[in-house]
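Residue numbers (the working numbering), protein chains in the order written: chain C, 1 to 382; chain Z, 1 to 382.
These are computed hints drawn from the structure, not numbers from a lab. Keep in mind that this is a model prediction, so the values were computed, not measured. A virtual CB, placed ideally from N, CA and C, is assigned to each residue, including glycine. Honestly, I wouldn't trust all of these hints.
Claimed, not checked - Just the calculated beta-carbon pair ranges, DEER-fashion:
id, chain 1, residue 1, chain 2, residue 2, range
1, C, D191, Z, E306, 55 to 63 Å
2, Z, E292, C, P91, 50 to 58 Å
3, Z, S372, C, P39, 15 to 23 Å
4, C, P30, Z, G346, 39 to 47 Å
5, C, R228, Z, H124, 52 to 60 Å
6, Z, D189, C, K34, 33 to 41 Å
7, Z, P91, C, K34, 45 to 53 Å
8, C, K34, Z, E375, 30 to 38 Å
9, Z, E292, C, D191, 27 to 35 Å
10, C, G248, Z, R120, 30 to 38 Å
11, Z, D53, C, Q61, 51 to 59 Å
12, C, Q66, Z, E122, 16 to 24 Å
13, Z, R120, C, K34, 44 to 52 Å
Said to hold, decoys possible - Which residues of chain Z face chain C? A few of them, derived with a C-beta cut under 8 Å, are:
id, residue
14, S78
15, Q203
16, L317
There are 2 protein chains.
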Amino acid sequence: MPATELTENTEKTDSRPRLLMGPGPSNVHPSVLKAMAQPLLGHLDPEFLHLLDGVQHSLRQLFSTQNRFTLPLSATGSAGMEACFVNLLEPGDRVVIGVNGVFGGRMADVAQRAGAKVTRVEAHWGLPLDEEAMVAAIRSTQPKVVAFVHAETSTGVYQNPETIARAARDQGALVVLDCVTSLAGIPVDLDGWGIDAAYSGTQKCLSCAPGLSPVSFSERAIQAVSARTHPVQSWFLDVGLLDGYYGGDRVYHHTAPISAIFGLAQGLARVEEEGMEKRTLRHKEAAAHLLESLAPLGFSPLVAAECRLPMLTTLNLPGSVTNQGEANVRRSLLQNHGIEVGAGLGALAGKVWRVGLMGENAQTKSVDTLRSALEAELSPGA
Amino acid sequence: MPATELTENTEKTDSRPRLLMGPGPSNVHPSVLKAMAQPLLGHLDPEFLHLLDGVQHSLRQLFSTQNRFTLPLSATGSAGMEACFVNLLEPGDRVVIGVNGVFGGRMADVAQRAGAKVTRVEAHWGLPLDEEAMVAAIRSTQPKVVAFVHAETSTGVYQNPETIARAARDQGALVVLDCVTSLAGIPVDLDGWGIDAAYSGTQKCLSCAPGLSPVSFSERAIQAVSARTHPVQSWFLDVGLLDGYYGGDRVYHHTAPISAIFGLAQGLARVEEEGMEKRTLRHKEAAAHLLESLAPLGFSPLVAAECRLPMLTTLNLPGSVTNQGEANVRRSLLQNHGIEVGAGLGALAGKVWRVGLMGENAQTKSVDTLRSALEAELSPGA
Numbered sequence: 001m002p003a004t005e006l007t008e009n010t011e012k013t014d015s016r017p018r019l020l021m022g023p024g025p026s027n028v029h030p031s032v033l034k035a036m037a038q039p040l041l042g043h044l045d046p047e048f049l050h051l052l053d054g055v056q057h058s059l060r061q062l063f064s065t066q067n068r069f070t071l072p073l074s075a076t077g078s079a080g081m082e083a084c085f086v087n088l089l090e091p092g093d094r095v096v097i098g099v100n101g102v103f104g105g106r107m108a109d110v111a112q113r114a115g116a117k118v119t120r121v122e123a124h125w126g127l128p129l130d131e132e133a134m135v136a137a138i139r140s141t142q143p144k145v146v147a148f149v150h151a152e153t154s155t156g157v158y159q160n161p162e163t164i165a166r167a168a169r170d171q172g173a174l175v176v177l178d179c180v181t182s183l184a185g186i187p188v189d190l191d192g193w194g195i196d197a198a199y200s201g202t203q204k205c206l207s208c209a210p211g212l213s214p215v216s217f218s219e220r221a222i223q224a225v226s227a228r229t230h231p232v233q234s235w236f237l238d239v240g241l242l243d244g245y246y247g248g249d250r251v252y253h254h255t256a257p258i259s260a261i262f263g264l265a266q267g268l269a270r271v272e273e274e275g276m277e278k279r280t281l282r283h284k285e286a287a288a289h290l291l292e293s294l295a296p297l298g299f300s301p302l303v304a305a306e307c308r309l310p311m312l313t314t315l316n317l318p319g320s321v322t323n324q325g326e327a328n329v330r331r332s333l334l335q336n337h338g339i340e341v342g343a344g345l346g347a348l349a350g351k352v353w354r355v356g357l358m359g360e361n362a363q364t365k366s367v368d369t370l371r372s373a374l375e376a377e378l379s380p381g382a
Numbered sequence: 001m002p003a004t005e006l007t008e009n010t011e012k013t014d015s016r017p018r019l020l021m022g023p024g025p026s027n028v029h030p031s032v033l034k035a036m037a038q039p040l041l042g043h044l045d046p047e048f049l050h051l052l053d054g055v056q057h058s059l060r061q062l063f064s065t066q067n068r069f070t071l072p073l074s075a076t077g078s079a080g081m082e083a084c085f086v087n088l089l090e091p092g093d094r095v096v097i098g099v100n101g102v103f104g105g106r107m108a109d110v111a112q113r114a115g116a117k118v119t120r121v122e123a124h125w126g127l128p129l130d131e132e133a134m135v136a137a138i139r140s141t142q143p144k145v146v147a148f149v150h151a152e153t154s155t156g157v158y159q160n161p162e163t164i165a166r167a168a169r170d171q172g173a174l175v176v177l178d179c180v181t182s183l184a185g186i187p188v189d190l191d192g193w194g195i196d197a198a199y200s201g202t203q204k205c206l207s208c209a210p211g212l213s214p215v216s217f218s219e220r221a222i223q224a225v226s227a228r229t230h231p232v233q234s235w236f237l238d239v240g241l242l243d244g245y246y247g248g249d250r251v252y253h254h255t256a257p258i259s260a261i262f263g264l265a266q267g268l269a270r271v272e273e274e275g276m277e278k279r280t281l282r283h284k285e286a287a288a289h290l291l292e293s294l295a296p297l298g299f300s301p302l303v304a305a306e307c308r309l310p311m312l313t314t315l316n317l318p319g320s321v322t323n324q325g326e327a328n329v330r331r332s333l334l335q336n337h338g339i340e341v342g343a344g345l346g347a348l349a350g351k352v353w354r355v356g357l358m359g360e361n362a363q364t365k366s367v368d369t370l371r372s373a374l375e376a377e378l379s380p381g382a
């Protein structure tokens, strides 16, 4: 086997550091990287379990919930999504899903694979869900589960969860909320809003490495899982089995990703040190600075101010970008300036950029760096 | 929120370093820890994709396969197991599974949840599978899939895959092999043995952090997935969707766990530098030294020499251990000496220890450290 090839690859000596201003991952603070590089502990070591207790406690704070079942699932946010649906839905169950972007659509796909009867309530990409349409669908189909996205990463749209969640609970439905991009960037209040199951990711506003999905299930949700007549289709994501380890008995289920959890503990400590009030404000200020700074270059927001996310801004592209091919400009930003911005997804591919100002990167200086790079790339002589 | 609690936890200032001699995780080399602490790259960054190409190439070498579909799945080994079954099995499909320990039993559970008709061929824990019984079950049930464990982590038993795999393929069945504990400790030869789907974990003989599962599917297996009439029940583990990203088109599916893959790249480089021949010998020598060193203390191997694994030794416990309660002795080893050894699982709980000499820890000096600690804990005056 060629011994040198990978060694060289892992050195990455000729690369410049990246400013990650796409839809995630965001840049990880050096203290979080350092935490991940600590020597390993076993997944049943009392010292690791003590740290895990602290992580679960902090995640409850961040989700604003008393939910006992709150933990860092050992896979990315999409696995967290799947955990919610495969545990709460049995074949034939009805579910209403709001779809106004890629991740609502992914929810519908995942629910369908779990054998559920899915009612999709569609809205235009770039707009929030139509609350009246959601409420009407909930009332007419009487679903077991209602699901939607808090912060749609494909469009940059914020969804106020309150009205839809209330209507769902009034009809006895369980409410699932995608908090992948919202958690640690804007307030999340699971208990206040009456959310029964939520999931997030570590690589967005938490500014940790990708690979974990914080999830939380209410007691109502746990009871619904207990009352199932079919076994959960996924062994790996079975809430009952996960609860054996994360619930306090610490019975072996799978080997927890120790290093990633070390990093998450440090990432959560940074969030707690700053406090969500300051952190929310920081995200808002950075987003406002982005729009102001790029307006003179011809970029305009896709999403109206009242439902625009601060941590992920979807920008309509000026002719100076589209004339060169937007992918070429993104490539130049990466190659010449070390800046990553995100492409449009799905219906918005080729039409917009998605600029993330998440966690550690929610800084006006990140915006200034991007503006300078764009000025250089888009100037007539470039 | 209490800002100090987690910060204190992540410091771990008062703990001694651990010698991880359980069934995994094993100790991670400092260069792998350092690789994980590199600043992040995006999951679509050409530089990351180049590194990922190298990782996939190295995994093919290590699995001894030409399989194009070979990749580090973004979750632990149990998710790799689930990926094999949920892709290859449809509801009503027949599968024959060899069960002589926890992980064969887990396979049967996972296959059942996928709706398959499972024929379990049981063998005594501590013995290999009865090849004749497996072949008879394959011939009589004509299954779509035959699955068994190469290195059973719960018992320390080695299974020669050749006869069973040949019988399965002679009947047109697909063969699934659990290589969680074998990969990078003893030779794995997927193509030579005719294996169609295999999975492993990074935290055993690869000596990387837990959280990834190297998997490989043959072209026959990929064709079987393509020919399905039902969608794969898991979106996260759907081979067709995974292939969109890992197959070369690099279409976004989920955000790859960048930092863990940085670590894996370095871990694979270390394996390549040593070479599998030397590495296999090192595991064997360490295991032989373990048995010689602990025999005077009254420990004896559960498993007969001809099917005993080198990287995971299951030891019957002497009275000097059971008289104190085996869990108490394990706790003393951890607290007083920083050494972790594994408890017995399932039918062997309380009766044996599982001592891992995996990857970086497959060293005679690890054994000597354990022996000294045991001598101190088990001496009459202790």
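Verification of the hints:
A C-beta distance of roughly 59 Å is found between C/D191 and Z/E306, which places it inside the suggested range of 55 to 63 Å. In this structure the supplied range 50 to 58 Å holds for Z/E292 paired with C/P91, their Cβ-Cβ distance being about 56 Å. For the pair Z/S372 and C/P39, the beta carbons lie near 21 Å from each other, so the given range of 15 to 23 Å is met. Against the hinted window of 39 to 47 Å, the Cβ-Cβ separation of C/P30 and Z/G346 comes to about 43 Å, which satisfies the hint.
At about 34 Å, the beta-carbon gap between C/R228 and Z/H124 misses the expected band of 52 to 60 Å. For Z/D189 and C/K34, the Cβ-Cβ distance of about 39 Å falls inside the hinted range of 33 to 41 Å, so the restraint holds. Between Z/P91 and C/K34, the C-beta spacing of about 48 Å keeps the proposed range 45 to 53 Å intact. In this structure the supplied range 30 to 38 Å holds for C/K34 paired with Z/E375, their Cβ-Cβ distance being about 37 Å.
A C-beta distance of roughly 59 Å is found between Z/E292 and C/D191, which places it outside the suggested range of 27 to 35 Å. The hint said 30 to 38 Å for the Cβ distance between C/G248 and Z/R120, and at roughly 32 Å that hint holds. With their beta carbons about 41 Å apart, Z/D53 and C/Q61 fall outside the hinted range of 51 to 59 Å. Checked against the hint of 16 to 24 Å, the pair C/Q66 and Z/E122 fails, with Cβ atoms roughly 44 Å apart.
A beta carbon spacing of about 47 Å between Z/R120 and C/K34 agrees with the range 44 to 52 Å that was offered as a hint. For the restraint placing Z/S78 at the interface with chain C, the shortest Cβ-Cβ distance is roughly 4 Å, inside the 8 Å limit, so the hint holds. Taken as an interface hint, Z/Q203 checks out: its beta carbon lies about 6 Å from the nearest beta carbon of chain C, inside 8 Å. Interface hint status for Z/L317: violated, as the beta-carbon distance to the closest one in chain C is roughly 18 Å, over 8 Å.
Violation of the numbered hints given earlier is confined to hints 5, 9, 11, 12, 16; the remaining hints are satisfied by the structure.
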